[in-house]
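2 protein chains.
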Amino acid sequence: MQYGFGVDIGGTTVKIALFDITGNLLDKWEIPSVTENEGAAILPDTAASIKEYMRGHDLQAQNIIGIGVGVPGPVDNAGVVNECQNLGWGVFNVRETLEKLTGFPVRVGNDANVAALGECWKGGGSGCANLVMATFGTGVGGGIIIDGKPINGAHGAAGEIGHMVLDARETEYCNCGKRGCTEQYCSATGVVRLAKRYLAAQDCPSSLRALEKITAKDVFDAAKAGDAAAKEILEQVYDYMGQFLGSLCAVIDPEVVVMGGGMSRAGQQLVDGAARYFPRYAFPATKTVRFTLATLGNDAGAVGAFKLVLDELG
Amino acid sequence: MQYGFGVDIGGTTVKIALFDITGNLLDKWEIPSVTENEGAAILPDTAASIKEYMRGHDLQAQNIIGIGVGVPGPVDNAGVVNECQNLGWGVFNVRETLEKLTGFPVRVGNDANVAALGECWKGGGSGCANLVMATFGTGVGGGIIIDGKPINGAHGAAGEIGHMVLDARETEYCNCGKRGCTEQYCSATGVVRLAKRYLAAQDCPSSLRALEKITAKDVFDAAKAGDAAAKEILEQVYDYMGQFLGSLCAVIDPEVVVMGGGMSRAGQQLVDGAARYFPRYAFPATKTVRFTLATLGNDAGAVGAFKLVLDELG
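Protein sequence lines correspond, in order, to chains D and W.
Counting in this note's numbering, the first sequence runs from 1 upward without gaps.
Counting in this note's numbering, the second sequence runs from 1001 upward without gaps.
The set of hints was computed from the structure by calculation and includes no laboratory data.
Quick caveat, the model's predicted, so the values are computed rather than measured.
Hints are not guaranteed to be accurate.
Said to hold, decoys possible - Covered by chain W, per the in silico footprint, the following chain D stretches (three or more residues, Cβ under 8 Å):
1) 166-177
2) 186-197
3) 282-293
No residue lacks a Cβ here, since even glycine has one placed at the ideal position from N, Cα and C.
With the hints as constraints, model all of the structure from the sequences given.
The structure is reproduced here in C-alpha cells:
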C-alpha cells in the first residue's frame, strides 16, 4: 500500500495528515508553528514530526509517494515562496528545502488554492473540474480550480478575490490599502463594520445596541432571533456577496462556488442569502452555478496539499 | 512542410487563413457568412472554400494537420456550440460537422478566447503563459489564457468580463439585462452614454454639444483637441477601466493585459489612461502587470484558432 502526507502550514500550527492514495485521511495531528527567527524551524520541525510518526507507526520510506504542502502566501510552480508574513518567511524554495530534510518528493501550493483543491476533490465541490472556493473569515480569500488544477497567477496572487472592488465610492480603507474591496463587506470584519455603520445611521431599536463589542456571530444570532436591524444588515451583506459572486462567475464561469471560512458556520442561511441576490448581478449564462458549503473544515488544506503531490507523483 | 488553417466565423464574414506550423500566416481570405436558414450553409461554404483553395494552390491533404475554428458563442471542449445568435446556430457539434465535411481534424473555441490565444502566441502578449485579453468595442469582451490554454468555463461563459459589475447603484440597464456592468462604462457605447450623461448634468461648453450624434471616436478626438468636457468624460472611463482591471487582476493575476477591440484604435492614450487609474483598485501583488495593445487586429481569431489545433495535433 502507498501513502502520502498533506501538510497545511499556518501562523499558529502546522497541520499534518496521512493519506492512502485514494485520499482517505488515515490520521492527523498538529505541531506548533515556531515563527521566531524568521520561521527557520518550521520545516525542520515538520520533517522531524513526519519522521517520528513514521517510526512510531512502522511506515516504510518506500511506501511514501511524497509530501504536499500548503503555505500562507504566494508560491510559484517551482516551490519558491515570496514572503509568508505570518510565518516570518522571506524568499526561498520550500520544495527543495523540505525534500532535503525528508528525502521525499514535495509539492507546494498556496494554502487557499490547496484548500480549494481539497474541496474540489473530496469536499463541497467533489466531482467538479471547475470550481471557485470563497473563504469568508476575518478576511475574504479564495482559490480557483480550472480543469482540476489550482491557478496561481503570475505573482502567486490569483484567487485574491477578496480584493475585487465592489464600491468605488467607499470612504474607509481595506487592509490592502485600497477602498471598496469585497473583504470590507463580506468578511466577519466587514459584517461588523456594516453593522456599526447601519446602527449609527439609523434610529431603530436593535438588540445589537446593548452589546459592548459586536461580532459577526452576534449579527447572525440577532437576525435569527428576529432583530429587524440585524436582518437588514445581513441583507446588505448578502447583496454585496451577490455582486461579488456575480462578477466572479462572469470571469471564471465555474460549475460550483464552495463557501467556506468562519462565517460559513452560519450555514445554509449564508448560502441562501448570497444565492438570493446573485441573479441580480450574474451574467445570464452563469446563473445555473451551484452554491454549496465547504465540508472539509480545517482538513481542506491537508487534503488538497496531498492531492497536489498525488496528481504529479501518484 | 506541414500546414493548417485558422478559421474565424463571424456574423458577416468567415475569415480563413493558411499557416505553416511555426505560425506564419501565409495567406488569408474571407467568404460571406450566410446566416439564413439557421446558418446551415456556413460550415459547408467554409469547407468548400478551403478545398477550392487547396486545389488552386496544389496543397495536399497529407500536409494539412487540421483546422482550428473560432465561433461567436459558447462552445464546450467537445466542439458543441450552444446558440451562436449572430449565425442563427442552435446546438450542434461544429467539430464533428466540419471534420465530416473536410476530412481534416478540427478543434473549436469561442472567438474571444481564441483571439486571446492568438495575441498570447503571436501578438501583444507573445511569450506569456498567463494573460487576459480585454476587447473594448461596441461591447466589452475578453478571453483568459492560463498556462497557455484558454479557459472556457462550465457554460462556455468564462471571460465574459464585460459583465463584471462595477456599480451596483447604476439605474440604466445593460444589454444582458442587469445593471452596472463594465460594458456600460468601458465600451464605445459606454463612452457615448457617459458623455451624454456628463453633458446633461454639466453646464460647461464643449465641442461635443454641436454634434447631432456623438460617437466614442468624437469623444477621443475632442479630448485630443483639448476639449475639457471630453477629457473629463474620458477620465471617468479610465477610472472605471482601472476598477474593472483591478478586480479582474485580483482574480487571475495575469502577466499581461492585452487591450484590443475598436476602442483600442485610440492607442497608447487608452492604455495609459487605464494604467493611471489601475493602482487605485489593484491588489498590491498584481500591480506590476503589464498593459499592452493588441497587435494582430482582425487576424487574432484565425491565429489563435490555428494554435488550438496545433497544440493538440501539431
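Verification of the supplied hints:
no., hint, in the structure
1, 166-177, "holds (count 5)"
2, 186-197, "violated (count 0)"
3, 282-293, "holds (count 7)"
Going down the numbered hints, you'll see the structure goes against just number 2.
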